[in-house]
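Listed here are the chains, written in short residue letters.
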Amino acid sequence: MNDTFQLDGSTVPFEPGQTVMQAALAAGRYIPHLCYHPEFKPHGSCKLCTVKANGRTVASCTMPAETGLDVESEIEELNALRRSLVQMLFAEGNHFCPSCEKSGNCVLQALGYDLEVHATGFRHLYPDRPLDASHPDILLDFNRCILCELCVRASSEVDGKNVFALSGRGITKHLIVNAESGKLSDTNIALTDKAMQVCPVGVILPKRVGFSVPIGERRYDQRPISAQALDDAPRQTDSSGNCAACEGTP
Amino acid sequence: MSKKLRVATTSLAGCFGCHMSILDIDERLFPLLDLIEFDRSPLTDIKHCGPCDIGLVEGGVCNAENVHVLHEFRKNCKILIAIGACAINGGLPAQRNHLDLGSCLTEVYLTEPGLLHGHIPNDPELPLPLDKVHPLHEVVKIDYFIPGCPPSADAIWKFLIDLIAGKTPELGHGLIKYD
Numbered sequence: 001m002n003d004t005f006q007l008d009g010s011t012v013p014f015e016p017g018q019t020v021m022q023a024a025l026a027a028g029r030y031i032p033h034l035c036y037h038p039e040f041k042p043h044g045s046c047k048l049c050t051v052k053a054n055g056r057t058v059a060s061c062t063m064p065a066e067t068g069l070d071v072e073s074e075i076e077e078l079n080a081l082r083r084s085l086v087q088m089l090f091a092e093g094n095h096f097c098p099s100c101e102k103s104g105n106c107v108l109q110a111l112g113y114d115l116e117v118h119a120t121g122f123r124h125l126y127p128d129r130p131l132d133a134s135h136p137d138i139l140l141d142f143n144r145c146i147l148c149e150l151c152v153r154a155s156s157e158v159d160g161k162n163v164f165a166l167s168g169r170g171i172t173k174h175l176i177v178n179a180e181s182g183k184l185s186d187t188n189i190a191l192t193d194k195a196m197q198v199c200p201v202g203v204i205l206p207k208r209v210g211f212s213v214p215i216g217e218r219r220y221d222q223r224p225i226s227a228q229a230l231d232d233a234p235r236q237t238d239s240s241g242n243c244a245a246c247e248g249t250p
Numbered sequence: 001m002s003k004k005l006r007v008a009t010t011s012l013a014g015c016f017g018c019h020m021s022i023l024d025i026d027e028r029l030f031p032l033l034d035l036i037e038f039d040r041s042p043l044t045d046i047k048h049c050g051p052c053d054i055g056l057v058e059g060g061v062c063n064a065e066n067v068h069v070l071h072e073f074r075k076n077c078k079i080l081i082a083i084g085a086c087a088i089n090g091g092l093p094a095q096r097n098h099l100d101l102g103s104c105l106t107e108v109y110l111t112e113p114g115l116l117h118g119h120i121p122n123d124p125e126l127p128l129p130l131d132k133v134h135p136l137h138e139v140v141k142i143d144y145f146i147p148g149c150p151p152s153a154d155a156i157w158k159f160l161i162d163l164i165a166g167k168t169p170e171l172g173h174g175l176i177k178y179d
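Protein chains in written order, with our numbering: chain G, 1 to 250; chain F, 1 to 179.
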């Protein structure tokens, strides 16, 4: 394989058309990310996956891999930036982990853990964002929305329903439901929709599930997100089932 | 033996859960007490803080008294640590922050069904509630934060031992928790 680039000093192979993020994950190399999801078109908005490519800061989820590119990711300068981004997301919404049923399965929280974010350090906004409990099976808690648009993308690209959208600009930007009443009960969303599975935080929740898996036994209680994300990444495997692109990682 | 570090602790708008977690350090409290001694704390019942090396503050700031106590801690403690979710982001008490304080008090003390001759408490000994509940770092400079609701005894132990040893405290997977 001829097409390779350098990531933190080691060689990463890539297929034509792959982004830096896709190639890195396929090779068993983790770059922190939040709005990127392997099944959807990259959005490039959360900036958690920012790397330095030949010295320029770019979002690795949208940056096409190029031969000879010199990518830096695991450096304190970038991790400090990532911590600030996570802190600002926490300060902007109402993220009360002790009373959130997504705790332990939450990507934002898991990123905070992995980056050793001990506190937000910013002034909290405590916005007023009423819930939408109108649907018999699904609860929307807008307090935790981080505007990643994963539900918007899933509902339009996979479910073909366009149940969700973002409205407004800047600090007034918010998630809306595509119904005349604005209520989720007036849409055709179903529990089986892809949009139900992709929320990285605790906004879109199936009702009557709650804490059926207890705190302490949840996804990111078991393993840090840096390990978990690699398990989830699509890989090319060779005939014996081993990852073809991985250097020394199972 | 070198001089013991003086440690003060208090709970502001908290539930004392973080203090229970400090007690949950259990038999390791004995080696810890070789390294530290307590100043003002619910554990000693000392009412005011003298000069201290470390202050541990649980809970956010929800009333006028909390502000005074927090300033007393900041003035006397070389290192001030916010311990637990409420100290760090206001926690459960801060869930009233998007509501009007007056309507909260009215609903709790006047209009709640079953209240007969209810009135909003106005004893001069009661500290006045603040309009909003604030995390500690919005009121004074905080040097370190131990997240968790409450942080586990292991997390508190690791943090304090690192700090006393002069290292930058790190928690790592399993010890860093926001819930």
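Don't read these hints as lab results, they were simulated from the structure.
Be aware that one or more of the hints could be misleading.
Said to hold, decoys possible - Covered by chain G, per the in silico footprint, the following chain F stretches (three or more residues, Cβ under 8 Å):
1) 77-90
2) 109-115
3) 123-137
4) 144-153
Unchecked claim - A short, non-exhaustive set of chain F residues, derived as facing chain G with CB atoms under 8 Å:
5) Glu27
6) Pro31
7) His71
8) Asn97
9) His98
10) Tyr178
Glycine is no exception: its CB is placed at the ideal position from the N, C-alpha and C atoms.
Output the indices of the hints that this structure fails to meet, ascending. 2, 5, 6 and 7
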